[in-house]
Amino acid sequence: MKKNTYDMGDIDVAWCPGCGNYSIIKSLKHALVELGIPPKDLVIVSGIGQAAKIPHYFKTHFFNGLHGRALPPATAIKAVNPQLTVIAESGDGDMYGEGGNHFVHAIRRNPDITNIIHNNMIYGLTKGQASPTSQFGFKTPVQTKGVILEPFNPLTLAISQNASFVARAFAGDVEETKEIIKKAIQHKGYALVDIFQPCVTFNKVNTFKWFKDNTAYVDDSYDPGDRKAAFEKALETHPLPLGVIYTSPKKNTYEQNTGLYVKDKNPLVFRNQKRSQKLLQLINRF
Amino acid sequence: MNLNQNKIKDISIVICGAAGQGIKTVENLLVHNFNNSGYHVFSTKEYMSRVRGGTNSVSIRVSSQKVAALKNHIDILLPLHSKALNHLEKRISSETIVIGDREKICKECPPQVKKFIDTPLADMAEDIGGKIFINIIAAGIITGVLRFNLDQIKKDVKDFFSQKEKQIVERNIQAVSQGYSYGKDFSDKQDISFDLKPSSDIKKQVLINGAEAVGFGALAGGCDFLSSYPMSPSTGVLVFISQHAHEFEVVAEQAEDEISAINMALGASYAGARSLVTTSGGGFALMGEGISLAGMIETPIVVHVAQRPGPATGLPTRTEQGDLELVMHTGHGEFPRVILAPGKLEDAFSLTQKAFDLADKYQIPVFILTDQFFMDSYTNIPAPDFQSIQIKKHIIKTQKDYKRSLITRDGISPRGIPGYGEGLVGVDSDEHDEYSHITEDLDLRTKMVEKRLKKMEKIKGDAIPPELIGPKNYKNLIMGWGSTFYVIKEALEILKLKKTAFLHFKQVFPLPNETKTYLKKADQIVMAENNATSQFGKLIKLETGIEINKKILKYSGLAFSVEEMAEKINHLLKQEE
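Residue numbers (the numbering used here), protein chains in the order written: chain S, 1 to 286; chain B, 1 to 577.
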């Protein structure tokens with residue numbers, strides 16, 4: 001597969017120059033090419049925000065839905081056609097704020113999808129308000145005296161709900177991020193990839209340098225299969241951990257649990273169901 | 001004592017008690033017995049929003065002719081607790097036969113109670129094995145009073161308890177038999193007789209409720225994805241399809257909230273499924289943005305809204321036709337939609353089935369608008385014709401340069417789905433170009449708005465005409481929509497007005513083309529609706545310019561009874577006929 005398989009060519013991109021989104025899209029495209037997933041087998045589902053514009057800069061099937069609502073359609077698309085690779089991708093405000101409830105329940109359902117969150121700890125498209133992951137005391141035009149809410153920790157939340165794959169990456173490390181995304185896509189089940197990303201326009205605190213100074217990859221001896229240790233790792237803030245933090249072994253996916261693919265592997269949407277006889281049998285019971 | 005003084009060809013039976021006292025068991029047993037005995041049967045319930053206690057009632061009608069409306073009059077009443085008689089005071093007359101232990105049920109009986117079958121129900125039940133048998137004895141008494149076939153009710157009891165141990169089945173048969181002879185003795189002594197004739201057609205019919213009719217319609221319409229959040233009175237559809245999901249290969253998901261439900265359903269539909277959500281007013285309000293998304297991404301969706309009285313939580317277990325305007329206007333922006341409102345169970349089946357086809361054909365949201373009365377009412381209908389069902393999928397195999405939002409002459413872009421063909425399929429909630437990529441090209445925006453709205457022309461051509469009942473050369477026209485079909489029809493049958501017809505709408509939006517012609521022919525028009533502001537009347541005014549001043553409106557949370565509908569029509573038309 002060609003390295004530029006997913007590229008759109010010369011198009012107008014709405015991201016600011018120097019935005020971390022450019023690195024993330026590069027990591028993602030390279031990951032997909034290296035995994036040999038063709039565009040016609042991939043669906044990117046996104047919400048609203050700057051990160052959520054990603055499918056427009058991609059040669060792929062896409063469902064760019066509503067703010068905060070990427071996970072429900074992504075879950076459903078995978079359920080009716082498991083042959084598709086499904087990625088739900090948006091920013092921290094979209095996935096953890098507006099869509100927080102879906103985030104919790106997508107983990108519980110465990111669909112075989114990859115959930116990528118561009119986490120820049122701020123709202124970009126609405127011009128610089130706090131996001132769920134903004135740090136305590138972070139000042140904005142709205143949070144004038146600083147954020148007074150505890151920052152949202154997606155990793156501990158996901159591990160507490162026994163998410164089947166939990167990872168964190170840093171957009172500045174294109175290669176490492178690509179490798180983490182590859183593992184997430186290959187993982188059978190719900191895979192969370194929270195990607196730290198500087199917002200060059202609005203977040204003057206959590207900059208490229210800040211992330212470099214305040215993050216560290218887990219080392220080779222780290223065992224992501226130990227849930228309690230993973231939870232402790234995810235609680236760490238100095239430095240913030242990067243890498244695959246937790247994987248839950250042998251969880252069935254949502255699609256498997258529907259029971260609809262036990263006898264018939266054919267996606268639900270391609271089955272030509274003949275229901276007349278079944279309906280007749282059913283109504284005769286009434 | 002003769003129940004048949006006015007040659008009534010149907011009998012009205014009411015069972016009233018607390019939630020948890022087994023009203024449903026008696027209802028279930030009796031309606032099946034009446035159905036199996038070859039009678040037309042109808043039952044409807046009114047109940048409180050609680051799991052145990054309170055006062056609920058079930059009204060059952062058994063008849064030689066088709067009846068499917070609430071009747072106020074009660075011929076036979078079975079009160080299961082002491083508050084029942086007060087609860088139903090307005091419906092009890094001197095003709096009402098009350099069955100029960102007078103000491104317990106009716107220490108201070110309402111003065112109009114004249115006919116009491118004083119029955120030691122509790123003692124009889126204890127003799128058989130416990131209080132649990134009270135309901136079955138009572139069901140036996142009712143069938144005995146009616147002098148129905150003893151073997152049939154014994155068989156029905158056996159079938160009803162078929163999952164239970166043999167000993168339990170036998171005791172229940174004993175209970176129903178004892179009740180039966182008690183009731184028959186009473187009937188013989190008091191010389192009670194009925195003018196009911198069984199019909200051989202009924203045996204071929206099926207006894208279902210509104211929720212099941214919508215559910216059957218959905219399965220027949222090819223529904224293979226359902227996501228919903230439980231909410232009275234719409235939950236019956238979720239339950240019905242979930243129970244048959246495996247058999248019919250349906251993904252049936254209880255979502256974390258209504259917002260998730262509608263977005264899931266749209267995702268599934270985008271990928272090629274036929275999606276349904278079922279909800280009620282409050283839950284539907286949460287789906288508003290999703291409905292708008294369906295309009296923008298031109299992705300088919302069928303939404304069943306079972307109405308209950310609002311605003312807000314309102315009366316969760318009661319009925320109203322109060323959400324027509326909500327369903328009309330939900331979703332910001334401008335886009336086409338269709339709203340269907342069944343009046344008969346047969347319509348609920350066929351319209352729900354059709355809704356999936358319309359949604360797919362035009363890539364729009366299609367709404368099925370019912371209400372609590374409709375959802376929870378049982379009646380027997382001819383079994384739907386499943387053999388002729390053909391599901392036409394409006395999906396194409398995509399080519400390489402496929403454009404999901406292609407601008408076409410009729411506004412309908414050929415619908416591709418991911419993984420079928422060489423093309424890439426995109427949808428976007430932002431304004432978009434023909435590939436569905438985000439755009440702020442305002443000329444393109446104008447074209448896209450026109451493209452989406454253009455579909456309305458063909459949609460209007462597909463509108464289901466209203467049903468006219470009564471004389472074609474009417475002077476007066478009674479109008480109704482949705483669940484009021486049978487109550488208006490029966491009221492007019494009672495009144496026997498020669499110049500009055502009934503026009504019933506099962507498609508309320510867009511209005512069928514012939515609407516104005518029907519209205520213009522009438523000298524007097526009366527609109528009957530189960531709401532406070534005549535929402536359909538307002539829609540008629542908006543679309544036809546004709547203002548309907550005579551209105552019959554009810555918004556107490558209960559459905560119209562036949563008697564009150566007849567009285568109100570008579571009052572409004574007295575001068576004209």
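Bear in mind the hints are in silico, worked out from the structure with no lab data behind them. Quantities reported herein were computed from a predicted structural model and do not represent experimental measurements. Positions of the beta carbon are idealized from the N, C-alpha and C atoms, including for glycine. One thing to keep in mind: the hints can contain errors.
Output of the computed footprint for chain S on chain B, the stretches with three or more beta carbons under 8 angstroms from beta carbons of chain S [said to hold, decoys possible]:
hint : segment
1    : 255-261
2    : 376-387
Taking lysine-lysine and the PhoX-like style, the derived pairs with C-alpha atoms no more than 20 angstroms apart in a straight line are [what the hints assert, rightly or not]:
hint : chain 1 : residue 1 : chain 2 : residue 2
3    : B       : 400       : S       : 2
4    : B       : 45        : S       : 278
5    : S       : 40        : B       : 496
6    : B       : 403       : B       : 447
7    : B       : 184       : B       : 204
8    : B       : 475       : B       : 496
9    : B       : 496       : B       : 516
10   : S       : 274       : B       : 521
11   : S       : 59        : B       : 403
12   : S       : 59        : B       : 400
To see whether the hints hold, each was checked on the structure:
no. : hint             : verdict
1   : 255-261          : holds (count 6)
2   : 376-387          : holds (count 4)
3   : B:400 with S:2   : 18 angstroms, holds
4   : B:45 with S:278  : 30 angstroms, violated
5   : S:40 with B:496  : 66 angstroms, violated
6   : B:403 with B:447 : 15 angstroms, holds
7   : B:184 with B:204 : 28 angstroms, violated
8   : B:475 with B:496 : 14 angstroms, holds
9   : B:496 with B:516 : 25 angstroms, violated
10  : S:274 with B:521 : 46 angstroms, violated
11  : S:59 with B:403  : 13 angstroms, holds
12  : S:59 with B:400  : 12 angstroms, holds
The structure fails hints 4, 5, 7, 9 and 10 (numbered hints given earlier, in ascending order).
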